[in-house]
Every structure is written in C-alpha cells, then in structure tokens.
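In case you want the letters, here they are:
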Amino acid sequence: MFELPSGAEIQGIIASLKASVGFFIPEIYLSVLFMLLIVIDLVAKGRKNNLLSITTLLGLAGSFFFIYQQHALPAGEFFFGMYVLDEFALFFKYFFVLSGILAVIITMADEQFETEVKSIGEYYALIIAMVIGMIMMASSSDLLMIFLSMELVSFTAYILTGYFKRNARSSEAALKYLVYGAVSSGLMVYGFSLIYGLTAQTNLIKISSELATHGYDPLVMIFSTLLVLAGFGYKIGAVPFHFWSPDVYEGAPTPITAYLSVASKAAGFALLMRFFYIAVPHGGQPYEDILGIDWLSLLILLSVASMIYGNVVALWQKNVKRLLAYSSIAHAGYLLLGIIVMNELGTQATLFYLLSYFLMNFGAFYVVILIANKTGSENIDDYRGLGKRMPLAGAALTVFLISLVGLPPTLGFVGKLMIFSALIAKGSLYMWLAFIGIMTSVISLYYYMLIPLNMYLRESRQQEEKEISQGLPAQIFLAVLMILTIYFGLFFTPLSDFALSSSAMFGLTLY
Amino acid sequence: MLSLIVFLPIIAGLVILAVPSSQKQIIRIVSLLAALAQGVLAVLIWRGYDPALPGITAGPGGSPLGSFQFVEKIPWISLHLGGFGSLNIEYFLGVDGISITMVILTALISAIGVLSSWTIQKQVKGYFILYNLLASAMMGCFVALDFFLFYVFWEVMLLPMYFLIGIWGGPNREYAAIKFFLYTLFGSVFMLLVMIGLYFSVTDPVTGNHTFSLVAMATQSNYIKDAILGPANVFWRYVAFIVLFIGFAIKVPMFPFHTWLPDAHVEAPTPISVILAGVLLKLGTYGMIRINFPLFPEVFRAGMYVIGIFGAINIIYGAFCALAQKDLKKMVAYSSISHMGYVLLGLAAGNSEGMVGALYQMFNHGTITAMLFLLVGVIYDRAHTRQIEKFGGLATYMPVYAALVTVAWFASLGLPGLSGFISEALVFVGAFSSVTTRYIAMVSVLGIVFGAAYLLWSLQRMFLGQRKPDAAYDLVVGEDGHEHIHFHDWNGKLDLDGRELAMLVPLMLITIFLGIYPMPVLGMLTTSINKLVQVLSPVVMSQM
Amino acid sequence: MTEQLTTIGLNHYLTISAFLLGFGLFAVITRKNAIVVLMGVELILNAANINFLAFSKFNGGMEGVMFALFVIVIAAAEAAIALAIVINIYKIFKSVDVSSIDSLKE
Amino acid sequence: MHSLIQLSIVVLLLPLLSFVILIFFNRRLPRRGDFIGVGILGTAFAISAYIFWSVIVQTYDPAFRIAWDFTWIDLGNVPGVGPLQIKMGVVIDNLTSIMLAMVTLISLLVHLYSTGYMAGDKNYGRYFAFLGIFTFSMLGIVLSDNLFSIYIFWELVGLSSYLLIGFFFEKQSAADAQKKAFLANRVGDIGMWLGILILYSQFHTFSFEQIYANLAAGKFGLSNGWLTAAGILLFMGCVGKSAQFPLHVWLPDAMEGPTPVSALIHAATMVAAGVYFVARIFVVLTPDALHVIAFTGACTAFMAATIAITQNDIKRVLAYSTVSQLGYMVLGLGVGAYSAALFHLVTHAFFKACLFLGSGAIIHAMHHEQDMRWMGGLRKHMPWTFATFTLATLALAGLPLTSGFMSKDAILAGAIGFAKTEGGGIFYLIPVLGFFSAMLTAFYMGRQIWLVFFGESRTHLKPAEDDHHAAHHAHAGHDAHTDDHHQEHGVHEVSWNMRAPLVILATLSIFFVYSPDPLDGGKGWFMKMIQTPATVVGEANHQIGDLRTPVSTATLAAAVPNVEVPAAEAGEHAGAEKGAHSYADMRQAEIVHAGHAAHFTAIYISSIMVLLGISLAFIVYVFNIIDPEKTAIAIRPLYLFSLNKWYWDEIYDATFIKGSMLLANILSWFDTTIVDGIVNGVATLVRNFAFLNDGFDRHVVDGLVNFTAFTVNTTGAVLRKLQTGKVQTYVVMLLLAVFGYFVFYLTRLIY
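Protein chains in written order, with the numbering used here: chain L, 2 to 512; chain Z, -6 to 537; chain F, 6 to 111; chain C, 916 to 1666.
If you're looking for bench data, these hints aren't it; they were derived computationally from the structure. This structure is a prediction, so every number in the text was calculated from the model and none was measured. Watch out, some of these pointers could steer you wrong.
Claimed, not checked - Taking CB as the label site, the calculated pair distances span:
id, chain 1, residue 1, chain 2, residue 2, range
1, F, I77, Z, I217, 58 to 68 Å
2, F, I21, L, P474, 34 to 44 Å
3, Z, L502, C, L1344, 16 to 26 Å
4, Z, P513, C, E1124, 50 to 60 Å
Stated by the list, open to error - Calculated pairs, EDC-like style, for lysine to aspartate or glutamate (alpha carbon to alpha carbon, straight line, at most 16 Å):
id, chain 1, residue 1, chain 2, residue 2
5, L, K207, F, D102
6, C, K1636, F, E68
7, C, K1002, C, D1091
8, L, K166, L, E115
9, Z, K115, L, E460
10, L, K46, L, E88
11, C, K1641, F, D102
12, L, K119, L, D218
13, C, K1037, Z, E476
14, C, K1641, F, E68
15, L, K427, Z, D219
16, Z, K218, Z, E291
17, F, K37, F, D102
18, Z, K461, C, E1085
Beta carbons: idealized from backbone N, C-alpha and C, even for Gly.
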C-alpha cells in the first residue's frame, strides 16, 4: 500500500537533509563533546583531577559560540518539520547550556561525590546528554521528536538520580522517578497516538490547522490532551503530576536536584508552551476554540493547585532539599500563571521568571551543598547558628530565599512583578489568580524564613563558634551569584528585553 | 541631596562591612558619623525648603518641578512589554510639606537610635550594617515619589527589622520577629497588585506613557477612564483603596491589625523600639496621606466615617489596654497605638485643621514616643525588668530620671506647653469641625482622660510613694547617712549618665519648643495640606 | 453481518489497545514486584503502538509506523535502564518490592 | 501695644522666670533661692498693683477694655474657610486687673508665709519653683483673651496643682490625691474642650470677642440645643476646677499638699478660676444653661456645708467650706447675680486664704496635728493667729461689717430675685438652699473656732499611736523644724513671716475695703466696676424671643422704678453709657432689678440664719446643752452620711474607677486572646489533630495570626499525607487526577 519514493524524491530528501544539518550545529557539537568526554574518561581513568569537569565546562562554554551564530539563521522548521529554530528555542539553548555549566560547577563543589562514586566519568557525559535532550525538547515541533527528546532527558535523569549507587535514598529516588516517569510518558504517548488518530498528523502546526479546519470529537480531544498533559505536567512537576518530585529531589545528588528543578522544569515549560500555543486550536480569542474545550480552566486548575499545595506543604518540611522541592512545585504554579495569560507579555513574563528562578534556585542549592559539605546534613535544625560561622554563605542564602519569596530588591521580585503585571494587564478577570499568587507567596515567606531563622536567630548546639571557611573560588562564585540576584533585581532591563525578544515562536499565530 | 541623605547609611554600612568585627568602637563611630551627616543634610534640606510650594500633585504643566522640591528624576528602568508599550520606572525623589517633616524626624530618630545602640554588645558589626540598611530604607520611603521605588524601599525595611528584632531581641524574639514580618508583608504584598493596576490605569500627561509616578497618579485626570483602576471601574477602585488601606493600617497599626506591635516592642531592643515607634509607624499614615487618599479621593470621602471610627477605637481601645498592662514597655506600646489613633482621626476629618494636626501628631509622636522608649530602656538596663510593680519611690533616688520621665509622660498625655498637646488639639478641632466625624470626636475625647489615667497611674506606681518590698533594687544607707538604692549587677551611674542625657535632652527640648511655638513645623505643612484637602474635596473631583 | 465479523475495523484495534492500556496500568498499580511493574509500563507503550499502527493503517501515511518503531526502540532502552536500576535496588534493599521502598515520604 | 498690656505680659512672665531659675539652680543658690521667688512675686505684685490703680482708680470706667493679640498658629489659606489663624493674646479689663492684683497679692503672701512654713524641707527650692509655675498659669488664665489659651493655662494650672498636691510624694495618700485631682480636673476639662469645639466649629476662631460678635449676629449654625450644650459643657470645666458637685471629690483630698498651697491654690485662686471662667463666658450661656449652673451651685453649697459640720480634720472643714462657698459663687452666676458672684470670689479669696494660712500656723505649732478633737485652748498661745482666724471666720460666716457679709448677701439677693423672675416654684429651692447653707456655715465655723481655740487643750486625750498621726510622721520627718517635743508647751505663736500674711489677709476681709456702706456692697467700687454684661444669645433666649434691639443700661435703670435707686447708681449708669458696647436683654434687666428689690429681704433672712447657726454652735459646744456625741448617736445615719461625705468617694470608686479598670482588663484580655488571632484557640485546635502532631510548629500557628494559619496548617498537614512514599500510590493519584478532570469535563459537556 505504500509506494516507494522515486529517485528524484530521494535526491530532494538528501538535499533538504544537507540543508537542515546547517541548522543543527550546536546539537551536533554537543554530541561530539558527549563522546569526547567518554573517550577522555576512558583515557584518564582513575586519575583524580578536574580534567573531565574542566573539559565539560570549556566544551559547554564553547557551544555558546555555535548557538550565537544561529541568531543569523532565519527562523523556520527543518528535518521535515521535525525540528524548528526560532528565538524561543535559542533562548532555551542558552538557558540549558548555562544550567549545564552551573550544574558542573556545583558538582565540583560537592564533596559527596568523592565519597560516593568511584568514577565521575560518565556523569559529565550524561549531563551533556541531558543538555542535548533538553535543547531538542525546546526545539522540536513534532510529536515524535517531542517524545524522543523527552525520553532522552528522562533516561539521563533516571541514571543521574541514581548516580550514588551505594546510597539507598539515591537508588530509591531513581526507581520512583523511573516508574513514575515511564508511566506518565507512556500515557503521553498514548495521548499522542489519539491525537495522531484524530488528525493523521504529527507536526504541531499541521495538527493545529487540521483541527481548526476539520474539527474533532471534543471527548477524544480532551482525553488525549489530558494524557499529554500528564506527560508534560510530570516534567514541570505541577500538581497533580508532581508526586515524584519531592522524593526524587530529596534522594538525588544535590547538583542533580538543582539541575532537575531548574533545567528539566524549564524544558517542560518550553514544551508546554510550544504545544499549547501551537498545537491547540485557537479561535479568535486564545482558548476560545471551535468546540469550547476550555484549556484555560485546566491550566488554571494546575497552577492554583501547584501554588497552594507547594507552599502549604512546604511549611512542614524539615529537610532543606525537600523544602526546596516543594517550593519548586509552587514556582511551577507561578510560571503557569504566565502561560495562562497566553499572550506575548505572558510569555515574556514566564521566560523572565525562568531566568530569575534559574539564578536564585541554583544559588540556594549551591549554598545547601556548601553547608552539607561542612555539616553533612540537610536538616533545618542543623542550620542553627550557621549564620555566624559561615557569614557569606548565610547572607547569600538569605538573599536567594528572599528572592524566592519575591521581595525587592531581588530578581525574584521582578519575576513576580512581571507575572502579575501580565495577569492584571489581561483584565480584572485574572485579578483573582494574582490574589492567590500573592497570598501563597506570603505563606511561602514563612517556610523560607525558617532557614535564616535557624541560621541567625538560634544558637548552634555545639558550642565551637569558629568561622568555617569555604574555598576562595566557592566564595567568589557565591558572591557573584548573590550580587547578580540583587543587581538584576534593580536593573532588570537586559534580562526582560532578552526574554521579550525570545518570546517569538515559529508558527505562532495568536499574537 | 536627597539621594545622599537616603544612601549615606548604606554607604556607612559598606564601610562597616570592611571593618573587622572586633573593632566595635570604630563601627559605632562610623554609623554615628553617618547618622550625624544625615542630620546635617536634613537641616540643610529644611533650610532650603520653600514652604510656599504645595507639592501633592504635579505643578504647572504636569511636571513635578514647581510643586515638589529637591526633585531628582532619572529614568531608572525602561523596558518593552510585548504589546503593552514599555514599562517605565523612574528614580524619582522629591519632598513636599508632607515628607519634609518626616525626613527631619527620620534623621533625628536615626541619630538617637545609633546613640542608644551603643550598649549593644552582641555581633556589633552585623547589627550596625542592618541598622544602616534600615535607616536608608526608611528615609527612602519618605522621599520616593515613584510608586515602584517606594515599594522597593518599603519592602527592604522588613528584612533588617526582622533580624534586628530576631537576633538582638528579648526571650520571645523569634515569635515577635516572624509575626512582625508576616503581618507587614501580608499588608504590603497586596500593595504590589494595586501598584501594577495603577500603573496600567495612569498615563503621564507629559510623556503619555504609563507611569509609576505618584505625582501623576495624584491627578485624577491622568487616569484612563475604563482602565482597571480607572474612574469607570468603581468596584476595583474600592477594592484597591481597601487593600492599600489595610496595607498601611497594619503598619500604623490600626485596631484589628495591631497585635504585632506590642509583641514586637516588648521583644525588640531599645533602639529598635525607638525606630519602630518613632519612624516605622509613621510610614503607615504617611502612606495613607501620600498614596491612599489622593489616589482614590472619592473612595476616601466615602470611607472617612469608617476611618474616623477606627481612629476612635484605636484611641480608646489602646488607652484601656495600656491601663491594664503590667509591663511598662507594653504599656508604652499600647499608648502609641492610642496616639496613632489621633492621627487616623485627624486624617478622617478631611479638613485642614485635622490633617495638619494629624501630621503634626505624627512628628510629635515620633519624638515623644522615642523619649518614652528610651526612658523605659534606661530603667530596663538597670533593673533588667520592666514590671511596673517591681518599682516604687524611684523619684526619691533618681531625681533627674524622674524629672525627665515626668516631662515625657506629661508630653505623652498631651499637656499644654508640650508639643503633643497642640497636635491633639488640632486633631480634635478638625475632627469636630467636620460634620462627618463630629460625634466620633465627641467620643474620642474620652481618650484624653484615660490617657492621663494610665500614664499618671504608672508614674505613681513607679516613682512616687515608697520602695515596694519586692522591688527590683535594694536600699542601702550610704556613708553620708542618706538612703541610696542599688540595682543588682548594675555598676554604671545610678541616675542618667551623659550618653543617655545626650539622647534625651534634645528630644525634650524639641518637645518643649514645638509645644510653645509650633510654626517651624506647621509652617512647612500647611501649604501642602491645604492643597491636599483641595485634592480630596468634591470640587476637584467634579472637574474630572 | 458476516463482513463485520471478517473485516477488522478501527474500533477493534482501539478496543484492544484500550484493554492493553488498562492492563498495563493495573499491573503498574497493583503488582509488588518491580519487574512486573516495568512490564506494565511496556504494556502501556505497546497499547500506544497499536493505536499508532491502526491509525496509520486507516488514515494512510507513514508517521504512525515511524512512531511505533521509535516507541519500540525507546521501550527497549527504557527496559535496559530500568533493569540496571532495579538490580541496584536489589543490591541495596535485598528486595524488589516496589511498595516496600518508601523511605522518602511526606 | 498699650503700656498696660506690656506690663501685664511682664507680670505674666515673671513667675515663669522664677520657676525656670529655681527648678534648675535652686541647689546652687543660697537659701535654695526662696528670696528669688518672693522677690519676683513682690515685683509682680507691685506691677499689677499699678495696673489695678490705673485701671480701677484712674480710669473709673465699667466698660474699660484693652486687648492685644498675635498670630500663634497660621494654617494658611484653608479651603472652605479662607485664611485661618489661631491667635494668642491678652485682654485687660476691670475684672482682669482686679484678679491680677488679687492673685499676685495672695501668691506673694503665700510665698512669704512658706519661707517660714516650709523651712528645712529637703525640696524647699523645688517648692518655690512649683509655686512660680502655678502663679504663671493662673495669671495666664486671668489674662487670656481667647478660649484656646484659657484652655492651655487651665491645663497648666491642673499640672501645677498636681505637682504641689503631690509635693510630699513619698506619702501614698499624697500621691493618690494628686492623681485624683488631675483626673477629676481632666474629666471637667474634656467637657470644657468639647464646649470650645462647638463654638470653634461654627466660627473657626477662639477669640472671645469674635465669638461673641458672631453669636450676637446670629451666625450660630447649629440648633439652640447645641448652644445650651456648649454652655453646660464649658461650665463643666468650672465644675472640675471649682470642685462643684459632682466633681468636688478631689478638693478635700487635695489637702494632702502643704497648707500654704492649700491656701493659694485650693482656696483662693485656682478653684476660683472656674468661677472666673464662667464669668468670662457668661454672655454665651442660654437661660437653660444658667438654670443648670444655678442648681449645681446650690446643691454644691448645701452638700459641702452638711459635710463640713462633722469633719474633724481642721483643713478638711475648711476644704468643704471652700467647696460650699464656691457653690455660692456658681449659684450667683447661675442666677445672674454676676457682679455679686465675682465680688464673693474676691472676698472669699482673702478670708479663706487667711483661714488656711491660720490653720497652717496652728498645724505648724501643733507639730502637724490636724485633728481638731485633740486641739483646744490655743487662743492663749497664739493670739495673733486667733485674732485673724476669728475675723476671717466671721467673714466666712457672713456677719455684718465683714466683706463676706456683703458679697454673700448680694448673691442671695440675686437668688431671690431670680426665683421671683423665673416665676417661683422650684426656683425658690435655690435661695432656700443658699440660706440654709449660710446657717450651716455659721454653725461649723463656730464649732471650729470653739474646738480649736477655746476650752482646754485636749492633746493628752489623743489615743496613742493614732494612725492619722503616724501617717504624718513621713511628712514630719522632712520638716527639720527645730523643737521636737510633743506636748502643748511646745505650742507657740509663729514667726513674723508667717504672721504678716495673716494680718494683711484679715484686714482685707473687712467691709470698708470694698464699700463704704457695710450693709450694701452695691455701693462699693467693686460692684460698680464689674457689671453684668448683656447676653449675646438673644435668639436662643426663649424669654425675650427675638428681642435684638440694643437696650442701654439706662433704660434698664428706667425699668427699675420703685425702690430707691442709690445715688451712686447714676454714676454706674454713666459708666455703662460710656461702655455701651453691649446691649442688654429684658431677662437680665428683670433679674438685676428683682435682685435690688430683694436686697434687704436677703439681709434680714441671712442675718437670722447666721445668728441661728452661731447660737446653735454655742448651744452645742459652749453651753453643752446638747451633747454632740449623743446627738450623733441619735441621728447616726445622718451623722455617718455627713461624716463619710455622702459616700461620693465610695460611689465613684465602685462605679467609674472599678468599672474602667474592669473594662481595661477585659479589653486587654480580649486583645491578647481574641484579637491576637485566637492564637490559643487555634493552637489547641491544631494540636488536637493528633495525627499531624509530628513536626507541628507553633510558629506556623502564631506566625500567621489568624484562621489562615489554621487552615493552612491543617491542609498542609493533610496534603502532605498524600506523599506516602509509595510510587504506586503516586501513579494512582496521577490517574485519579486525569480521570477526575475527565469526568468533570464530561459533566460540563453533557449539561
């Protein structure tokens, strides 16, 4: 029943492949880097030095060059509509490479790795792989591509989560992550299959036009969308698809926790935005589609639930990593607010919020690692009196937490400001969402402040009050992060302009 | 000039950051110098201030110049919002009659606070860094004319305060600190929403863009008719007003939202109590005058009655609670709740007498309450207790202290010849003259009696009569045959020492001088207040 | 009547895949053994596969087939990783009972 | 600025100067600087004597008035009102100049007296400083030309009285008394303040002149009820300061202060300030307000008199008699006997000061024994004191040839006239009470004289270690008075600097100082210089309806046909003509007229009453025909009622003080329990959820101070239970979520 392509067609295919490769250079470069790392690991086996990490850093840094060059290229889709290149995608390329770099840096700071793992080799390779996967997530415009890239990210994530093989918590986290991830991605694929069935298309843009022109059975559509949402929701860790995240975040190695909580969440959002902005049919008004399936209430439900659940449950956490895990759920909720607005301003706000979240969350986790190095614990009670013993770390952590709460003059405040601006500019209908967001952020203040409370207001149990000194590079890095958080909190024009320019999405027709 | 006065303390803080934490004296001196320099600047600003310019709203041609003074207006942030033009935030400072007095007050109280912080021994470095940060933020709030800037300063105050109470506070400090933080944050976050809403509803007549400038917002004609907070959108305007009002009322603190204050005061160290009562509470009422009322005049007029009632509740309720307190500091805390009630009442009157009285009361309450808390601190340093019944007959043994306490107490109960009287009198004059609040004023007058009651009663129990058997000090017969008292583990001067006098005497002189001749302060206020009353009056509203 | 029996319609495929999905989920939820849970996951993926193939058969176009192929590959890779992790779990907990591994909670 | 104004300002500021000097430097000065106090007051008196001379004697004009004011507070151009200033200023008219002279004179004498009485007290210097600030504020009241400044000095007087009553603050009783005095005054003051506010709210000015002018022009915007209210409220200030019923309770306790202070403040000047104030605002008082005032005064006079007859403390008797006499003055103002009331104010000031200083001398001599039961027979030891005291007593009792006689009879005459004019009935109660009090006065003064000066000394009868006596040890301890043996031999006449004031004051309570005719004060310069001003609240005066036509006092005299108009009255009218700035109304005219008519009636009745009183005293205490003890037992309830001051203290304590303390406690409980987020309730509630006790953190509850805390926590606690740690439950949740929304959507799709 299939007729084979003629020679001419094959020529055309090859030609377009050759053309497409030009758009694919950063990914190729990173893949090469990936293999290179494995080779180096084989060569430099057993030698305890930072050869690998340095190479990774340099390599990742090098990729900026190629990504930057892509600005020159025209936005468009290639590989037969599997893959797109647009400002939106570029934004996330930068984002993921940067987060990869930060992940490597804080990995270098984490002393747990010396004790837990023998060879660090494939670790960095896997981080690179994850970067590639996430970049592809952000750029794929086809259900198949989406599925593949997501699985690539997931698998590397499973492995990295379970990287401390002899550590029970790490392994348990890996298992849970695996099972949960497998199920939800399975459901997502099932949803994909149904969409495919409805439209006979796998390309998002084609799907959208198909749905718009021929219409569809709302029941099947909502069902499939829900299943897809299960997959995405699991990536962004939004209620009610969040259950894996606290356990995984607590169990995984801290750098991976940070990495997951920032990067893979961002990737999920990239996907979510692309899918919901492009694939979902839009009538005149956003979300007022042909047969009145209101995605809006669906997403609103998700975001409100995430904000409330994340913040409220975080009140009870005694483990800092777990606390931050719940807070990341809450932040998923705030980010969703930006998506709900469904306009350029909303996109800009979301991207900006991602940037701010990137900075403050990595910072927080970095301090957590530094403290864990010294105290070997992540329990809030063991933070007593640390403020005096680690002044810089304490101050930095306070700044990051304040930023997470969203108080000026920090980056987090501006993020919230932009999200709420988007909501309010949209109209009084969305005011209530803003109210909820505000309320929950007040609640969040309490549990965030628990940490400074223990660090400064309470005396440490053991009486030795000597200052604990981190290494100089660590201190510098910390100071830089802290200053950036405050600086961008006061002068955030470049970031927001960057976010704005990046909010252009190929094939997007709603604004 | 204003930038300097705002950021001097922060600069001092950075300097301190460089000083090794062992050099306590240097740290103290640095921040004292900063505070004094601030004072000097405040005096310069005061001298350079021209009371003829009204402020409140924009001057001729919609520009702040010609209306505000010492204006500094630099574009700070201008960024593009997709489809919504651009977000323009300005670094916009300026003073008018409303803020100038507060600026002076802040400079004064900050300096006093530094002096009174001399006794802090624990983590001096951190303390003074936070203290200076706080001082900057407070000053900034009073001179900021851009809502965004104001909000930033407003929120920046919270964290240092939290730590200052939480680290250097009393036994129950954690609770007090977090309570303060959550309460005030709860009030202020909603302000954020209103701020954004206002931004999208107001255009700058000069540039035509949306703006955060409070000056532009204070002119109703700058509102877009059907914007979210535009004149057409009555419901949201009311909501916004109430939200803002609650935000500020928590800071004041107004009756149902006041419970953080006694805890915070009881736990906070003396200098922080001084700052808290002297300046922070004023921020609440200042916010109302600067932002809440002129931006929503019609809602204000609709709500005058309610505000007045809350004021009356504050006055009487606070007085009664103070009457029942056993802890001297808690009593003073409640007394300041009562006194802020006068401010609310005066504002609710909505006429010049009332508003002038309210602002003057803000100033006087700043100085007087600072005095009260300092005096409480003096006895607490010596006796390590504030329980009123642990004293008695102190007047015999600490005459100077007793004399100062008497003056302060009488100032607080509004004795003529001391500044508090004039402001309270003006408040009542205003409140009674306006038909809206006449009956409220008639009720509030009771506050005068009960105010006298709790103050005199505590005065009697602590200073008059004989030493109580279970007093916090012993009687010893000195070599000169006279009886002296001796506090356990206090080896400083029994009566006030030089530093304490240096803190108290200036405040006292100001109180007395302004009680006899108030014009130096009132003269700066009146023009702006009259302008404000005009803005709030229906006449202006009908023009829009 | 007879045609309907002889010709297999789209619905049949879909029904089968739906059943597979159900079984898969059932296995994932109820089974204690990690391996069986993973088999449940495989069932879910295969349910999707059947859908893809059926749809591509009835809609025409090769995308479904491609998708199915890739899903199979992915499933294989997933199995590999899963087994590695499960073995590691077994090494530590001396058991592969999913429901008993719950030290991380609340 | 008129030279007299300048002088008066100097007079005003001199005592302040003495206060400032003494409060700061008294320890550095020789004799603690008492000479400064005395000297400065001497100067002040000299100047005010000059003012008196030039106003009263030189320009013999009832309508004399000069004023000067300056802008104190400038509120700029107030919207709706226009330019608005609050002015301060001084006014000098006859009344002012008389009061000036009186206040400075008595103050001077008290200063002088105190140099003896207070000698050796450890706060000697501070004492004179306080006297200084008191004099300052008192003069302020006298000189003020507007309500606001009167209120200011009013409060300051309250302060200085507070300081002086509590001068021996080590004594608990003194500390209590000073607080009581201040608070009672404040209660009166808020009434006065409200009255001021009512007037201000209409005219946006405090100045007497402008308020009166506006009122006369009928600019008062509110109803007449408000005007009456304003009058009564303003009068409340007087009720507080002049210790009228029901706020009289503080004055007797105020006797805890040093006796000279009692003489200065609580007999002569401060308590008179209330009356003075009512006189100042007399013209705004509506008839209804005046009725209230009259009855208040009558009740006070009577009540205080009944209490005085059973008191044993020599100073308390005088205190109650003061209250009673103040009642007379208020009564006089109430009935419209304006001049008479003020006349009584002045006369009373002198003889009562004399009495107090005399009692001070006695107490001093008796080593701080104040209980008359243990005195007696002092006339031999202290002739000077005896003489002056007796003279003043006669004046107080109101026997002919004394000043008191003239003033009191003028008041009573006015009362009768008033009752006539108002159409009798209930209004006759006022003169009746007045006369009855006159009798009581005569009685208790007679009793006092007898107990103190006559008979034999009863010091030995005193029960040993009487608590009353012990209470005074503290005070005695501060008096380094030389001789310290406690028997009557120690009793001796006091030194010259305490004797001189007695003599001067006694002299001033003889009739010829005020009037040539011992029977009629109306012939005297005082009554001529102080004339009843015409009301400015005509339209609020229901009796004269809308009579607004100016009627000069000449026609007023024409309306007084029958009784012989004393020759001098012609001059009075002439003066009135000159100062015809005011216009009279019929009601005043009638009252004055009827007052003149009732002049002799009053004289007869009151003389009879006084004689009755004195003779009764003789019957009881001299001839012992009636045994006081037996009588007391016979009418025990009445006796106790009087002895316990009608139980006012107990009543107030039970109601207001206890009540407000109770309320305060309730409210603070409410504050800490209810308002503070129902923290406790929440805490217990949450703790009751046993299943989420783990990791329960009270800060969460207390931190978010309200029910949010509760909900937030419980929800948090419940929600986190979802996180079971079993991955399969997670999957179930996931499916449930998907399925749940699916169902939700289905329902929406169907319906």
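Which hint numbers doesn't this structure obey? 2, 3, 4, 5, 6, 7, 10, 12, 14
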